[in-house]
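Two chains, two frames, a set of hints: combine them into the complex.
Each protein sequence line maps, in turn, to chains D and S.
Following the working numbering from start to finish, the first sequence increments by one per residue and tops out at 518.
Following the working numbering from start to finish, the second sequence increments by one per residue and tops out at 419.
Keep in mind the hints are simulated off the structure, nothing from the lab.
Among the hints, a few may not be true.
FRET-style restraints, in silico, Cβ to Cβ [stated by the list, open to error]:
hint	chain 1	residue 1	chain 2	residue 2	range
1	S	Ala-52	D	Ala-322	39 to 45 Å
2	D	Arg-383	S	Asp-328	36 to 42 Å
3	D	Gly-443	S	Thr-408	32 to 38 Å
4	S	Arg-417	D	Thr-235	51 to 57 Å
5	D	Pro-230	S	Ala-101	50 to 56 Å
6	D	Ala-322	S	Gly-50	45 to 51 Å
7	D	Ala-387	S	Ala-98	45 to 51 Å
8	S	Asp-223	D	Val-451	53 to 59 Å
9	D	Arg-340	S	Thr-408	36 to 42 Å
10	S	Gly-182	D	Asp-325	49 to 55 Å
11	S	Tyr-305	D	Ala-387	24 to 30 Å
Here are some chain S residues pointing at chain D (derived, C-beta under 10 Å) [as the list claims (entries may be wrong)]:
hint	residue
12	Arg-60
13	Ser-63
14	Thr-160
15	Ser-229
16	Ser-303
17	Ser-306
18	Val-384
19	Leu-385
20	Gln-402
A quick note: this is a predicted structure, and the numbers were derived from the prediction, not measured.
Each residue gets a CB set at the ideal place from its N, CA and C atoms; glycine is no exception.
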Amino acid sequence: MVSLSIPGEAMLASISSSVLRGVDGVPVTVEVHVAGGLPAFTVVGLPDAACREARDRVRAAVLSSGLRWPQQRITVNLAPSGLPKAGSGLDLPMAIGVLVASGLLDSQRVADVAFLGELGLGGAVRPVAGIVPLVEALAERTVVVAPRCQAEASIVGRHCVRAAPTLAGVLAALEGSAPWAVGPSPLDRADSAAPISSGDLADVRGQPLARRAVEVAAAGGHHLFLVGPPGAGKTMLAQRLVGLLPLLEPSVALETTKIHSAAGERLPIGGLISWAPFRAPHHGASMAALVGGGSSWLRPGEISLASGGVLFLDELAEFTPAVLDALRQPLEEGRIRLARASGSVSFPARFLLVAASNPCPCGNAGTPQPCRCSVAIRRRYRRRLSAPLLDRFDLRLGVQRLDPERLTIGGPEESSEVVAARVAAARELARHRGVGANRDLAGALLERHAVLGSSGRALLTDALRQQRLTARGVDRVRRVARTLADLAGDAGAELRDEHLSLAMYLRAEPEALLGVEP
Amino acid sequence: MSGWSSSADGLSPQRAIGLGPTVGQVEAGPLGEEVHAAHVVALLALPGMGPARLGRLLSRHGSAERAWQQVAAGVSEAVFGQLGRRGDPVALAAAWQAAAAGVDPRARWQAHRAAGVVVLAKGGYGYPDRLVGDLEPPELLFAQGDIGLLGHPTVALVGTRRASAYGLRLARSWGDALASAGVVVVSGLAAGIDAAAHQGALDGLERSGCTPGPVAVVGTGHDVCYPASSRALWRRVADVGLILSEAPLGTRPEPWRFPARNRIIAALADVVVVVESHERGGSLSTAEEAAARNRVVLAVPGSVYSPASVGTHRLIAEGAGVAVSIEDVLLALGSRRPGSTPQPLPPTAPLGDAVRSGAGPMAEQERNLLDALGWEPTTLDDLVLRTAWSLDTVCAVLNQLQRLNLVTQAGIWLTQRGD
Ligand SMILES: [Zn+2]
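Chain S on its own, in the form it takes in the complex (with noise of 0.2 Å):
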């Protein structure tokens, strides 16, 4: 956690607004700017509360509390005009009217703090500088962590949740790299990919454990962890990270979330890195939504028969950049901040300079074996097809390097390791 959270309690009001008579008699509750938030905070956990919504009804009320009070006392024409061409506006009202009676905003801005959510509102303390000038700014932020962390260059490593082991193997490997080069990984904690990536990024942080934490952007509410499996991912990335979400607590996993959602990714990244894409994957959306605002867009290619690469090759296509090394990423980022010189990698492990320049005994052997590994994950016995050694002289010399931490194993799949 950082320091922030605790300073915030002292905060001094920013904007004077009077308390209201919806929110009661109140001794130390929400003051000025907090009075807004609270309004917005109960606002968000209506049904089918969106940004757009959102900013429709407090530009049309003027402000959180007065629109609060128009939902609250069921007025319809508090929603006329904010439906677009979808639903019923009665239908609509009477929903939120529902969902907003005996709710007490104060209480619910109080619920965040106590769970330690801190509410971040456009224009005061703490809300992201990235997020400011923004096309589509959240009106609130709810942050969990080192909000300090955006301060430092950015790179939104995304992808589909239904990625391949080579997408994987690269989201972690590039997010590690990131990491130990002080740049801070950004990507939305789902499954696949975004996993892959913030998970490299804390191997970076746990092996040297100076480089910034990853920072994720969620489509839930804090208290609610999706998807499940990711739970200590989650936990790991709040203590030594940070995670925002546009959502007030409880909220959970709706689909529409998740493209709003990718926008604020694409608003706070500097470059934006998709991995791997399906023909239709919601990574092609933080993609557009990082093109609106001029981030650059990376794309890695992969195999042209993996469903996996199809959305990424179409970006391609399109003329988004490529990506095949850690370095193409960080050369976009420093053309992109000039001012910020990403950090040199990590030096290579002594042991393998020793198999590498041919010192040692069996080293030949190794070497060679090195050679027909090469670069991409392979199995045993592609080895022993390449070699055409015995099966047992192969795995004599495989073991060697595994025991010099040369060559990983997941699985089947042998890798030759880059560092």
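With the rest of the complex left out, here is chain D (with noise of 0.2 Å):
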């Protein structure tokens, strides 16, 4: 930002930059000193291993862009000292500060400018993780990319962002010698990012209660376990949920962009994502991918990327205990915190669970097929599934493998497109509640927005009493009904029978589902 010229040999520059912490950015002060003494170049400012490797490529950048690399004493200090600093983005600012320091530079030219860039070792300014965080952290009026960071830097809408492709460009075009990069303009937000194609819900077919299920889902948030042997569209019905939610609200659009910014991940074209999106992730990956980690750089997980949408995961009962257990807290809270040598970090972490489980290894338990697994197996099975992990359902159901006869039966189902409308509706009758969504319906606004009339309260008394209903599904019952009769458009706080009814057909008992006695 400002230079100071030191008559005699010593000047001193410093730049501005930011660096990733959790999701969010940090402003980092770059300062670079030049002093006469035999020639050096250290860092200091608790750099990592990949701040210690930018000293290399400062040097090589500025060498290979023909510029005269100062034969004397350069001492890097990154303020605030304290702050862990991760990533190579800190490279271009480096760079920067020498030639400022060593005169090859006007300090005035990058007054109010920061950058952010790693560079190659021919002098390429190149893109880095978490860009949308990192600049949004950022005062400076004006922002240095690389060309591919523009649109995704641009998305923070306070800032002049600017590219070149390498360092003599910027170089070039801070003296006004030269143009800056035309980048990629941000795109409207209606028709970026359009949503991976996840199929209609007029597809599912013969399966009404199921699609009953990804519809209350969808408008309640409420979390969705199915049950059912391979093939029987555990998968295909998860993915059409995705399908129904609504647009994200713009806050919601950025945090998600900015999660998905810091883990690196692909952004769609125009930077922003929109759309809810639909995580998969195999039982196999690492707990460091799933909920988030990593030994230097703290990415966010799976549970993270997935927030504001949906978190499908698919044989529920593969998973570690572990990562099982740390689903919890995000459930909880919609955060995940992760502790580190160097402090905890909290990610956001509020998805729509969607689970999905063999009833059993064969998988033929509680179908019509025999099972070919012992009691034993079978329990051993269940209980890898924690029951309260299991109560955070408030949407439980089997699912049977399709019957091709069933596919032709009826009429035309609705398409999503109906049935997101109705969603949408749902979701605007929450909000106006005071909540998300009917799933953080508890406490005074269950009993104010969920009122049992009598005919109601002996509906569910005679559940429990002939123990189809726990005391503890209760509410979670309520809450489910309280969505259908949203979804019916039924503004009455008052249940209906027939509403009460359905929610507890689409809470199973995990043990019947698991083929497993009670």
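Structure (structure tokens):
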């Protein structure tokens, strides 16, 4: 930002940039001091391995750009010094700092300018991950990035985003002797990021209960657990669900985009993620990949990348107990906190959880086909799914293998477009109640908006007495019944018997679904 | 527990056999036939000792006590001719001698008494009449429970461990109905059909409190519950029914023991019903043993697509009777035992009558849904497709039927209650 020309030999430059902490950017000042003495190049201020490697890249980039490398003592300080700094985005600000401090670039040219970029040995300016939160953290009017980051950097909307392909190009543009690179202009929000083709709900035929469960999950944000043999269309249902979710609210879209940016995920053309993401990690993925982490650079995991959208865990019983246990905090708080030696970081993780499981290892328990597993094996399989986790699902249902005959019965089913309109209207009702979705209705809010009349009370009491419903399930059934009423356009606060009945059939006991006697 | 096990303490010797040197000095130890039994218990605990080998050993040496002495002395002649074509007589004699070393038959015998296991010797008190004239009567039976149950008419409900939902449902419901009709259900306490049949009989007992408990014939010792997952069921059967085994305490499950066990099930049953069997299922051996003993064999047909019904369909093709209702079984039993008239089945639930006869509100819709449900396990999706009603309506009416106990649900399967 400023460079002080000290009479005599020593010169100081200080350049603005930022680093990632979690999914947020933190401003960093790169101070470069060039003084007489034996030629040396040291970086201080808790740099990690990538920063130390930066020394070599910066020197090579400067030299191969045809510029002079000062044969003096160069000290780079990254401030604030207590902050762990990871990543290679500080290459460009370091190189610019060296050029300013050695008198090759006028300090006035970098006033109110921040720099973010990695340098190649040949002088190329390369993109860095997390550009959205990195730019968001900067107060400077102008930000210089790699050309491929330009659209992403423009999402924040507060800065004049500039780009050049090489260090020499940046220098020339700063001096006014060459134009900045012309990047792709950010597209309109509406046609940015078309959703991954997730199929239409009209394709789901012969499964009216599962169809409704998907609609209810989308409308009320209710977590959904599907149990059924292979070939029952569990994945197909999960993919259809994401297509029913409304466009992300602008603030959620920015947060989701920041997470994807910080994870180094490819962003859509135009940069902003405006559609609900769908993440389906494999059960073999590492703990760090699933919940977040990493040795030096804390990367958000799949559960954070699913934030604002759907996290689909197929073969739930195959995930390690540690992973399933780690889901508890995000399911309760909407965030995941990761503790590291360097301090703890928290990532957003507010997702709609859709989980699927076979009923038993052979897949046949609870189907007309004979199960080949022993009771002991079925129990062991069941035990992998902890009761507190299964209790988080408002919707739990068994699905059957699709019988081709069934696909031809009945008229055409509603398309995703029709259902999505109902979902959007129901979500609007939830917002008026002061919650993001009906799944968050609890306590006084539940009492006010999901009223049990005498008939509904008798209905639930009978079900409790017949052990078709557990006491813990009552509130969940009420919540789902509320969503069913919202979808039916029924604004009355008192729940209707038909919605309570249907809500109970949408919440089967896991023991029965998993072929184990309770 | 029956009163029988306590009265066994006062048994008087029916066959006087002097106490041999291997038994040593005895004060209140086994007497007479009990000495014989004690030595058979010890012999049965030897590795690989089945009913056939035991029979040959006993007939060669005249008495169990003498046979035991020969085995304990390692006399390979003792097992000469015991092996058929397999095995090495010298190695087997050595293995038996090693296993017999330090074993006190009297202590073995008393360990069974201490564990509440009664030892029934062939020809002795309490030995089931049904086995007395059998083709291959067990030398000894180890019993826990009410031996008097074998005086009732008996039906063996057997089938595969790898059963379908259909087979499990049928076995449980028929076990219940048979018990309710005063018939003793005999099975093997294996997983699958056996367990469901026992469970059904226990259901019937729990509902009425006066129906006969089930009889189980197992292939392991009484202290080795197999499969381990059936422990609770095992205990319940021992409490209110009867568990029989040919194997002494400590006997682990070994594949060859189960066909041998099946012959006892066949011998104890008036009628054998095979509910489900795979192509080469073990229950087919029960059917063969039953046919060899002139017992009525019935098989339950299933879906032709179901691998768990391939064996039962073959039985039907080979001439077994077809059982499609509990009446078929009772009829076969009645013709078998002209003296016994099975009690009528319990009356239907009064609430069910109201709906079935069309009384009360909503009865029209409820009856239509029951008709759509039929008598096979059905999913909600099927009901929506069959009635062409909305999902909401089907759920509301169905829930009403469940409240009236006319429909039960297991997982996704809805079933109309037939009682
Ligand atoms: Zn299975």
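Inset, instruction - Kindly indicate which numbered hints from before are broken by the structure, ordering the numbers from low to high. - result: Violated hints (numbers, rising): 1, 4, 9, 11, 12, 13; every other hint is consistent with the structure.
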